[in-house]
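Visitor: These protein sequences, in sequence, are chains P and Y. The opening residue of the first sequence carries number 1 in the numbering used here; numbering runs sequentially from there. The opening residue of the second sequence carries number 1 in the numbering used here; numbering runs sequentially from there.
Hints may be right or wrong, so weigh each one.
Remember, identical chains collapse to one label, so a pair may be satisfied in a single copy or spanning two.
To be verified - Only pairs whose alpha carbons sit at most 25 Å apart, straight line, appear in this in silico BS3-like list of lysine-lysine:
id : residue 1 : residue 2
1  : Lys730    : Lys644
2  : Lys644    : Lys474
3  : Lys260    : Lys334
4  : Lys260    : Lys54
5  : Lys356    : Lys74
6  : Lys193    : Lys260
Simulated from the structure, these hints should not be mistaken for lab results.
These are the residues of each chain, in order.
Protein chains: 2
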Amino acid sequence: MDITFNNDPKLALLLPILYHAWQDNELSTNEYKAIANFINNQDWLTKAEKEFLKSKINADVPPSRSELFQWREKIETAFAGGAKAASLTDLGILIANAERPALNEEDIKNYAPGVAQLEQQFGIIGSEAIADYRPKGKTLTQQHNTQNSFDIAEMTAFLDGDNANIINKVKSIISREEFNPVVDPDVTAFREKVLDWCKVLAKEGLGGYAYPKAQGGQGDMEAYFAIMETLSYQDLSLVIKFGVQFGLWGMSILFLGTEKHHKKYLEQIGSLELPGCFAMTETHHGSNVKGIHTTATYNHATRSFIVNTPEKYDRKEYIGNAATHGEAATVFAKLVIDGKDYGVNAFIVPIRNIEKQVLPGITIEDCGHKMGLNGVDNGIIYFDNVEIPYENMLDKFASVSEDGAFESSIPSDNRRFFTMLGTLVGGRIGIPRSALAAGKTGLATAIKYSDKRRQFGPEGGNEVPILNYRMHQKRLMPYLSNAYALTFALQYLTKRFINRSEDDMQEIEALAAGLKSYTTWNVRDMLQECREACGGKGYLSENRIDDLKNDTEIYTTFEGDNTVLMQLTAKNRLGEYRKEFGEMNVSTIFNYVVEQAKTGITEKNPFATRNTDETHLKDPAFHLQAFKYRERELTASAARRFKKLVDDGLDGFDAANIMHPHMLQISEAYLERIILEQFHAKINGLTDPALSEVLTRLYSLFALNKIDEHKAWYLEQGYMEGVKTKAIRKLVSQLCWETRQDAVPLVDAFNIPKNCLGAIATTKIAQA
Amino acid sequence: MDITFNNDPKLALLLPILYHAWQDNELSTNEYKAIANFINNQDWLTKAEKEFLKSKINADVPPSRSELFQWREKIETAFAGGAKAASLTDLGILIANAERPALNEEDIKNYAPGVAQLEQQFGIIGSEAIADYRPKGKTLTQQHNTQNSFDIAEMTAFLDGDNANIINKVKSIISREEFNPVVDPDVTAFREKVLDWCKVLAKEGLGGYAYPKAQGGQGDMEAYFAIMETLSYQDLSLVIKFGVQFGLWGMSILFLGTEKHHKKYLEQIGSLELPGCFAMTETHHGSNVKGIHTTATYNHATRSFIVNTPEKYDRKEYIGNAATHGEAATVFAKLVIDGKDYGVNAFIVPIRNIEKQVLPGITIEDCGHKMGLNGVDNGIIYFDNVEIPYENMLDKFASVSEDGAFESSIPSDNRRFFTMLGTLVGGRIGIPRSALAAGKTGLATAIKYSDKRRQFGPEGGNEVPILNYRMHQKRLMPYLSNAYALTFALQYLTKRFINRSEDDMQEIEALAAGLKSYTTWNVRDMLQECREACGGKGYLSENRIDDLKNDTEIYTTFEGDNTVLMQLTAKNRLGEYRKEFGEMNVSTIFNYVVEQAKTGITEKNPFATRNTDETHLKDPAFHLQAFKYRERELTASAARRFKKLVDDGLDGFDAANIMHPHMLQISEAYLERIILEQFHAKINGLTDPALSEVLTRLYSLFALNKIDEHKAWYLEQGYMEGVKTKAIRKLVSQLCWETRQDAVPLVDAFNIPKNCLGAIATTKIAQA
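One chain only, chain P, in its complex shape (with noise of 0.2 Å):
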């Protein structure tokens, strides 16, 4: 009788192994040989059963597939009855079991480590390589699922707050077919298209609503804010194409012009009847406005001003609404009274008549096809002695007397300048608004699609959701806490504006120019992981992902440069920074020193700095601290280098440059820490349990993520050890799984119209 596997349970014992060998694709010819010479060197293997074994390992001639299918059939018998193994020996050892005549104690003593050296030898990982035959219960990767913890409505009513009228009524508005976003349209169309849009919520009403009663408004600048935040779930270009009208334009009359201008204009504008531009950005001055070169000379004959472009690099460029539909524009430019430059100043110059015929003097040229928000008539308009009558200055904070004298009650001319440029600071409060929505719209239709969309499973069993992989949670739930962290810091920076007092205003400008940067910032990253996440799905225009990222392209660069406005906000903390130091007295220093001295013994003992304790990590008062103490170390760090890099003889513009990388973190960490309070602020605040739990999780996860992203400080600074911060990574994967479970009602509450969301967030996808 032949010796096959069903009568020599030695050779049975080794069959799993000779089952992986094949069924894998990771063995090399070489390494078919190298089990067979290790087979010839068994001595409790007789020469007749080497050579069976041998037969069965032999690259040249591999066993049919149907033998193969026998082998594996043998497999999955010996494990059906519910019996145990850790390896593929044991494995084996069940198949000789199996068999008749079994092998008793003594035999298995004698064989199976053999076998197991054999299963080492060659990098098997026996439990892992057991798990693919073994007959599969479900998984925890295949159980995971949605669940609803909480009430959607009342978490949108919470988001909402006291906007939730108008934000109603802007998504009713949306919600209407004609708004559907349109895919890849003819650009001309486009245009036309995004203004009739435009002309709709005009003539709901939605236009002026920030301005005065009197001019036909609400008054209501917080609810104007509202508007540009829900319009853009639907389309970017008309977002800013209301904010250039009824925002840059409009309020460039509010806030730097006086009654005469808003009489004279603002209900024309709020209705659209007057289409205008702001016309600041120069080519060759985009983000450093103080150094325009356009002219505005004053003529004390005919008391008007002349409006000139001397060199054609100093053009204005990217002007929203000026390349086919503006029929005036407020125009930044340096007043000069006979040849004295009196810094810059605004002015109202009309462009076109209202047959659209661009005026004598004016020429304008279309900037053309651009990455994003083509709906958008970006133009050039360059300026020919261009005279305007004396009323067309905005004169809120100076002009000139009748004798022709300069007057303003701001002497220095940057001081002035920064005052009319803060007044204009309610852009770098919509934008960022305008930004987050374009990424909750991508995050919603991410999310809602990966909870749908199954790839990969464990072996023979059903493919899983793809957002049950812990990679992709990775991917996606931070983003989703820091949606929910920077809806609640833009509510309280707008707050702040609404209720500025003169003092405030610094640093809020200081706080807008960062949350602005901070959230555009924020926003083209998670934008990028929505469309990965989504695959080939997410480059679908029909899933409008592409449209998002494109159209929020640009935000980190208009209403001031990400980079240039972070350098903005560090210079204003740095500055406060210096002058609570120089405010300090022996009191206040030795309040200083002791407080340092906490730190030491509170945050950074050895029990602290290595404290993995999971109640401690979730603890805010830890969040709170560790934020606070980054963003006062690098705040302080900052002042010490800047001082020696200056006392070590470099120039001071020299050293500021070197010091660009170490300010953009100040204004990181200064963000961050406002950001953090801000969310805890507004989460104590809850009553209802479930909300209260939901959000919880989610601050602990934005909390730790941050910690987690900034940790190559923190231990740079011996702030934590690597025990710490491994603990604090584990916890942030443990929290991505949780907020899983609530992603779906999580992004459900943004209430996002659903004409506004990818198709794939929409469509049912059938089970494969």
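Fit chain Y to the given chain P structure using the hints.
Guide: Same frame as chain P, but now just chain Y:
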């Protein structure tokens, strides 16, 4: 006589502080009051002096603009003689001494401390404040510029290597006017244009370059990759269309078919007479190709196959060339014989006739508008029991015998499947090479623009090229080093693929999967920085960054989702590690332990972990040690972690899920070690000292920037201490500063055709 700044030197002492308070915009009303209070409390001032000073610091009655001018003049005059001052107080002394009567030593001793106290109390950094008023020499930041330290043509030759001829041929073709990149094309017209471009290339003999000479090709696979890469400067729709036709479609015939298929199809494919598709991906099985549902059922009676799409979402999706041009397709389907499933195999299925009419049984839908690559006609294909002849099975690895039996030299379905896919690994070489060329186009555009674009500058000095800002350098210079590093790494991968042996294949596949992911992610980030670095200009389509970005966006998904591919690479690495460990005998284990101990002694000792010596930090031996340590440690700890998770009772699938992020790091560490080694090997072979110097600097930047990116990990491991990671960060900044001088020549060495660069890279900008 009234007291004035002119006749009372005590007052002059305070003038700089008063000017500083008014000229900047940082003090609040309260702070002006605080200054007034401070003045009130100074007993070295007379009552009259106090009143005068307080009148100058009254927020309600600010000094006039002309008065501020006078103050400024005094300050500048005091400085004019080359006098030195370190604070506003020093400056005050200078002014006081410029007036009559001057202050004597005693006076200064009496008065100056009070002034200094005021300066300090308001957080003014004197040395910084004063820098604004000091007459300007040239700052370092202004003087920095482009140098020509090496021969650009020589660098180009070095980069192109053996493929210079074919690269130059392709460049000369795409430099033709008819190949000028198109902005905002109509999709339908663009698809035809791209097809026409492909026809020109086919006519030039570039289509079948990789095919055997017998089929009209050159048998030169390496040149094929060089063609794909070079075309990528021009238009990526063209590259993908080219790759679908000549690569995927043609090479599936070449590698999966046998001689009869080669003879019948290859020449027609290379000449583009027979446009075809590669139909693998299904809607429900994107990354999980093994799980596809399309069937090819063998019909014994007719010796034919019936190709069928069982359910709606089993359709082939995202198939290039399918929506309009393809006449046939390589279709991947499960082979079924007598109800038995024999795994995934490939079949040629005609889909259109020569008049481009879709054939019976075939339904094709258009994927519609995409984020990019709109010149490629992606489509969806459904098969309704389409019959194809027996010969249409691509039978290199499996076939059906005359009597209807399945035959294969590779019995395991799994292994056969991976062997089939392995032959198609070329796609994962062509794609990253294409991506990198696109990244270089963006990088060249951004760097050349940043070298010319000026913005901001020292007070009173010229504006500075933005590439002179450290922050800007930090954004672009590391990507420049990556671009060079990846060029060499991808050339290495290509050569390994060309010269592969069977035993090499698994490693090459892992390397290709990894480098595809690593490169495309890198290019994604590179182009993002390029866009932002060019500000608003980066958003204009004429500058090409939008198309480069949007077209390459999907590179991170197609040819295998990056996240999935990185897992594959890591799995291979982990397998290799286990084998190595499994094969260890007593002597290798001894060596391993010795090796570990040596690391402890040489790399992890307190001197090494704190070594900030520049020679050490720039030493390639240090870089390689650090990269290897990371790779080894991440792999070893993954093996331990995985074993522990499974030993603790977790299902293998759940354990793998938890390990995904760790696995990604393994791949990254492995890839970076390879990239580092190849970069170093490449410059080691250089004989020209100028090339060697600039590339060695770029190499150091690459190595140290990567270590800086991973410093959190190194700190967690105790491999470096904070003092060392900080020194590395500083050195990276310094290397960026130095590399900036070579940046323009370094991108010029890519020798990208002028018409392919963004307009801003080639337009002269007038100096501001």
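Visitor: Take the hints in turn and mark each one as holding or not.
Guide: Status of the hints after comparison with the structure:
no.: 1; hint: Lys730 x Lys644; verdict: between (40 Å within a copy, 15 Å between copies)
no.: 2; hint: Lys644 x Lys474; verdict: between (41 Å within a copy, 22 Å between copies)
no.: 3; hint: Lys260 x Lys334; verdict: within (22 Å within a copy, 78 Å between copies)
no.: 4; hint: Lys260 x Lys54; verdict: neither (100 Å within a copy, 36 Å between copies)
no.: 5; hint: Lys356 x Lys74; verdict: neither (84 Å within a copy, 53 Å between copies)
no.: 6; hint: Lys193 x Lys260; verdict: neither (33 Å within a copy, 57 Å between copies)
Checked against the numbered hints listed earlier, the structure breaks hints 4, 5 and 6; every other hint is satisfied.
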